[in-house]
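A.B. asks: From first to last, the protein sequence lines stand for chains A and B.
Read in order, the letters of the first sequence are residues 1 to 311 in my numbering.
Read in order, the letters of the second sequence are residues 1 to 336 in my numbering.
Be aware that one or more of the hints could be misleading.
[Claimed, not checked] No farther apart than 20 Å at their CA atoms in a straight line, the calculated lysine to any residue pairs in the SDA-like style are these:
| hint | chain 1 | residue 1 | chain 2 | residue 2 |
| --- | --- | --- | --- | --- |
| 1 | B | Lys144 | B | Ser272 |
| 2 | B | Lys144 | B | Phe227 |
| 3 | A | Lys31 | A | Val14 |
| 4 | B | Lys144 | B | Trp212 |
| 5 | A | Lys31 | A | Met175 |
| 6 | A | Lys31 | A | Leu277 |
| 7 | A | Lys31 | A | Leu41 |
| 8 | B | Lys144 | B | Arg237 |
| 9 | B | Lys144 | A | Leu41 |
| 10 | B | Lys144 | A | Met175 |
| 11 | B | Lys144 | A | Arg307 |
| 12 | A | Lys31 | A | Gly178 |
| 13 | A | Lys31 | A | Val11 |
| 14 | B | Lys144 | A | Leu304 |
| 15 | B | Lys144 | B | Asp216 |
| 16 | B | Lys144 | A | Leu306 |
| 17 | A | Lys31 | A | Leu174 |
| 18 | B | Lys144 | A | Ala183 |
| 19 | B | Lys144 | B | Leu223 |
| 20 | B | Lys144 | B | Asn234 |
| 21 | B | Lys144 | A | Leu299 |
Hints in this document: simulated from the structure, not taken from any laboratory.
Computed from a prediction, not measured in an experiment: that's the story for all the values here.
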Amino acid sequence: MRLAVLGCAVVLLVATYLLTDVPGSLAFAVKIRGMTVLAMLVVSIAVGTSTVVFHTITANRILTPSIMGFDAFYGLTATAMVFFLGSAAFLNADAVTLWIGQVVVMVAFSVLLFTWLFGGKRRSLHLMLLVGIVLGTLLRALAEWMQRMLDPLDFQVVTDAMFASLSRPDETLLMLTGALVVAGVVALIPLLRILDVLTLGESMAVGLGIDHRRVVMGLFAIVSVMVAASTSMVGPILFFGLIVANLAYSYVGSFRHRFTLPAAVGLGMVCLVGGQLVLERIFGFGGALAMIIEFAGGLFFLYLVLRKGAR
Amino acid sequence: MSTPTTYAPTPVRSARTGVGVVIGAALVLLAVASVFTGVSDVTPASLLRADADSHAQFLLLVSRIPRTVAVLLVGASLGIAGLIMQMMVRNRFVEPSTTGVTEFATLGMLGCIIFAPALPVVGKAGVAAVFGLVGTWVFLQVIKAIPVRQLVLVPLVGIMLGGVVGAFTTFIAYRMDLLQSLGQWAQGSFASVMAGRYELLWLAGAMVVVAWVAADRFSVIGLGEDFATNLGLNYRRVMAVGMVVIAVITATVLATAGIVPFLGLVVPNVVSLIIGDNCRRAIPWVAGLGAVFILACDILARVVRFPYEIPLSVIVGILGAGIFLWLLLRKGSRAH
Numbered sequence: 001m002r003l004a005v006l007g008c009a010v011v012l013l014v015a016t017y018l019l020t021d022v023p024g025s026l027a028f029a030v031k032i033r034g035m036t037v038l039a040m041l042v043v044s045i046a047v048g049t050s051t052v053v054f055h056t057i058t059a060n061r062i063l064t065p066s067i068m069g070f071d072a073f074y075g076l077t078a079t080a081m082v083f084f085l086g087s088a089a090f091l092n093a094d095a096v097t098l099w100i101g102q103v104v105v106m107v108a109f110s111v112l113l114f115t116w117l118f119g120g121k122r123r124s125l126h127l128m129l130l131v132g133i134v135l136g137t138l139l140r141a142l143a144e145w146m147q148r149m150l151d152p153l154d155f156q157v158v159t160d161a162m163f164a165s166l167s168r169p170d171e172t173l174l175m176l177t178g179a180l181v182v183a184g185v186v187a188l189i190p191l192l193r194i195l196d197v198l199t200l201g202e203s204m205a206v207g208l209g210i211d212h213r214r215v216v217m218g219l220f221a222i223v224s225v226m227v228a229a230s231t232s233m234v235g236p237i238l239f240f241g242l243i244v245a246n247l248a249y250s251y252v253g254s255f256r257h258r259f260t261l262p263a264a265v266g267l268g269m270v271c272l273v274g275g276q277l278v279l280e281r282i283f284g285f286g287g288a289l290a291m292i293i294e295f296a297g298g299l300f301f302l303y304l305v306l307r308k309g310a311r
Numbered sequence: 001m002s003t004p005t006t007y008a009p010t011p012v013r014s015a016r017t018g019v020g021v022v023i024g025a026a027l028v029l030l031a032v033a034s035v036f037t038g039v040s041d042v043t044p045a046s047l048l049r050a051d052a053d054s055h056a057q058f059l060l061l062v063s064r065i066p067r068t069v070a071v072l073l074v075g076a077s078l079g080i081a082g083l084i085m086q087m088m089v090r091n092r093f094v095e096p097s098t099t100g101v102t103e104f105a106t107l108g109m110l111g112c113i114i115f116a117p118a119l120p121v122v123g124k125a126g127v128a129a130v131f132g133l134v135g136t137w138v139f140l141q142v143i144k145a146i147p148v149r150q151l152v153l154v155p156l157v158g159i160m161l162g163g164v165v166g167a168f169t170t171f172i173a174y175r176m177d178l179l180q181s182l183g184q185w186a187q188g189s190f191a192s193v194m195a196g197r198y199e200l201l202w203l204a205g206a207m208v209v210v211a212w213v214a215a216d217r218f219s220v221i222g223l224g225e226d227f228a229t230n231l232g233l234n235y236r237r238v239m240a241v242g243m244v245v246i247a248v249i250t251a252t253v254l255a256t257a258g259i260v261p262f263l264g265l266v267v268p269n270v271v272s273l274i275i276g277d278n279c280r281r282a283i284p285w286v287a288g289l290g291a292v293f294i295l296a297c298d299i300l301a302r303v304v305r306f307p308y309e310i311p312l313s314v315i316v317g318i319l320g321a322g323i324f325l326w327l328l329l330r331k332g333s334r335a336h
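Please model the complete structure; the sequences and the hints are all you need to start from.
C.D. replies: See below:
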């Protein structure tokens, strides 16, 4: 029921965004804006589902892949590729090959990282948060170091690769990302029940006959692919997943992934499309959505951490 | 931090003296190396050639020596700012850049650029210092509001606070089309330091002296408010002095060299691993090691892509974040 309401809200917002305030040809506006909406959809799916899944397997509601330094690592791989291969090779190489290479590197890294951080004894949530934030700083500084060593042309290529903005998505990139995200969703569907079982905790899940380690590894891999895909398209949005996932939990009031996953995606759409609508049409500045999400997300995050500390 | 001072047995102590000598020697060596590092030909030989080559001497006096002095002052004072902050908050993992103080000061600088661009640097640094003071105060209030004082929760909240203020600053800069100039001066680098443009840093140096004079009081503060008051200390006044020291150091460094992250966190922690937690004894160590650390980073920044220079903050960020991670995750760390 609640999901249906959310769905209607999304459709309404999208329709408003596409069809109102059109200066010229309607068909043209719909085509251009449709690309933006599509990009938002891909990001919402990728970030929303991956965050919820990540929360389930790490048994917390505050950590997200982005906060654990994940998109910083994406930036580092992109920079390293240009740094070691040169921008000519980077630009001439087959886009699909590059993509596969990058995704493989990211998945390998994240599975290594997450097993190291979460595989052993349980550390405190706050420690992991701090480690994630500092790790992100470290990776970003490394990437910046490499970028400083590039010549201006190569630097331009890196910058373009990292800051494809939401409002002007590159078509091939959007298709590739969309394909990966859809693949991720398809891989998740048969795992929905297992995810519900994982919410009960590791020992319970093992007791119920789940090969915990293998399942968690697989889920980490899916999360990595999705986050890598969406980050490459819009650049880092640190707190978006955090907001969306937590809103979804309280909105559906259940921990069954059948409900929380679509709710997270829908709420992501409401945030992105709604936010863009308000910013563009009411305040008249379009490009600042990510910054506003960052600001609001930071405050929300502080609230969550402090409330968590109160318990 | 609240462990009582223990006097180490002699062999350990002499080993510590050894480390101290090594730090001192490194300081002198690196300072000399720093003076002679650069694009223009300034070498001992070119200086001794007394004939017409006053160019080398001119460069030495106007650019090289001021730069080296500025680096030394920044390293020493940021280390001290971190140490004092750690005493005040009673937490090993804080320093101005992990508590939002730096971000508040940056906001102050941005305000100056928007509303009073003609203000001399001293004025800008003054405004930044006031914002830094507000930032320290806000942080202390937020920390007070946390019921359970977990070791890693405090820096975490501080970093987020900084993130929120930073996002606000970025947004304003974006709206005012100042994003680029914000990035320009906020990025830590000593590339533009020369005679006439660094003297403000002596103020930060003066704060190091203040910290040294008041060191024992900060040690007592580190034992907690009740304890300090019981010992007859004016808790609020010492806290106020500490806040001013931190704000002035942060603001002057920001105005002359930009943001230098993690230094104030890493250096006092490493010193504490070597000599323990006595504040008065730690101060010269922290100042010395801070200077050595940043001198090495600055030389690296100039050498790694010779003849170009990469920003110092990038190198400090990598090393500092790496060491911070190690401090957090190493075995025996109390953070677990």
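A.B. asks: Determine for every hint whether it applies to the structure shown.
C.D. replies: A quick look at each hint next to the structure:
Pair hint Lys144(B) plus Ser272(B) does not hold up; C-alpha atoms about 25 Å apart against a cutoff of 20 Å. Between Lys144(B) and Phe227(B), the direct Cα distance comes to roughly 17 Å. Compliance with the 20 Å bound is thereby established for this hinted pair. Restraint check for Lys31(A) and Val14(A): the C-alpha separation of about 13 Å stays at or below 20 Å, so the hint holds. As the CA atoms of Lys144(B) and Trp212(B) are separated by approximately 27 Å, the hinted pair breaks the 20 Å bound.
With a CA separation close to 15 Å, the supplied pair Lys31(A) and Met175(A) stays within the 20 Å bound. As the CA atoms of Lys31(A) and Leu277(A) are separated by approximately 17 Å, the hinted pair is consistent with the 20 Å bound. A C-alpha spacing of about 15 Å is found between Lys31(A) and Leu41(A), which places the hinted pair at or below 20 Å, so the restraint holds. With a C-alpha separation of about 18 Å, the suggested pair Lys144(B) and Arg237(B) falls inside the 20 Å cut-off, and the hint holds.
About 41 Å separates the Cα atoms of Lys144(B) and Leu41(A), which puts this hinted pair outside 20 Å; it is violated. Distance restraint check for Lys144(B) and Met175(A): the Cα-Cα separation of roughly 50 Å exceeds the 20 Å cut-off, and the hinted pair is therefore not satisfied. Using a Cα cut-off of 20 Å, the hinted pair Lys144(B) and Arg307(A) holds, with the two alpha carbons roughly 14 Å apart. The straight-line distance between the Cα atoms of Lys31(A) and Gly178(A) is roughly 17 Å, inside the 20 Å bound, and the hint therefore holds.
This hinted pair checks out: Lys31(A) and Val11(A) have alpha carbons roughly 17 Å apart, not beyond 20 Å. Of the pairs offered as hints, the one joining Lys144(B) and Leu304(A) holds, with about 16 Å between alpha carbons and a cut-off of 20 Å not exceeded. With a C-alpha separation of about 24 Å, the suggested pairing of Lys144(B) with Asp216(B) is violated against the 20 Å cut-off. Between the alpha carbons of Lys144(B) and Leu306(A) the distance comes to roughly 11 Å, so the proposed pair stays at or under 20 Å and holds.
Taken as a hint, the Lys31(A) and Leu174(A) pair is honoured in the structure, with Cα atoms around 14 Å apart against an allowance of 20 Å. Distance hint between Lys144(B) and Ala183(A) is unfulfilled; the C-alpha atoms sit about 47 Å from each other, more than 20 Å. A threshold of 20 Å between alpha carbons decides the hint, and for Lys144(B) with Leu223(B) the separation of about 16 Å falls inside it, so the pair holds. Using a Cα cut-off of 20 Å, the hinted pair Lys144(B) and Asn234(B) holds, with the two alpha carbons roughly 19 Å apart.
For the suggested pair Lys144(B) and Leu299(A), the alpha carbons sit about 18 Å apart, so the restraint of at most 20 Å is met.
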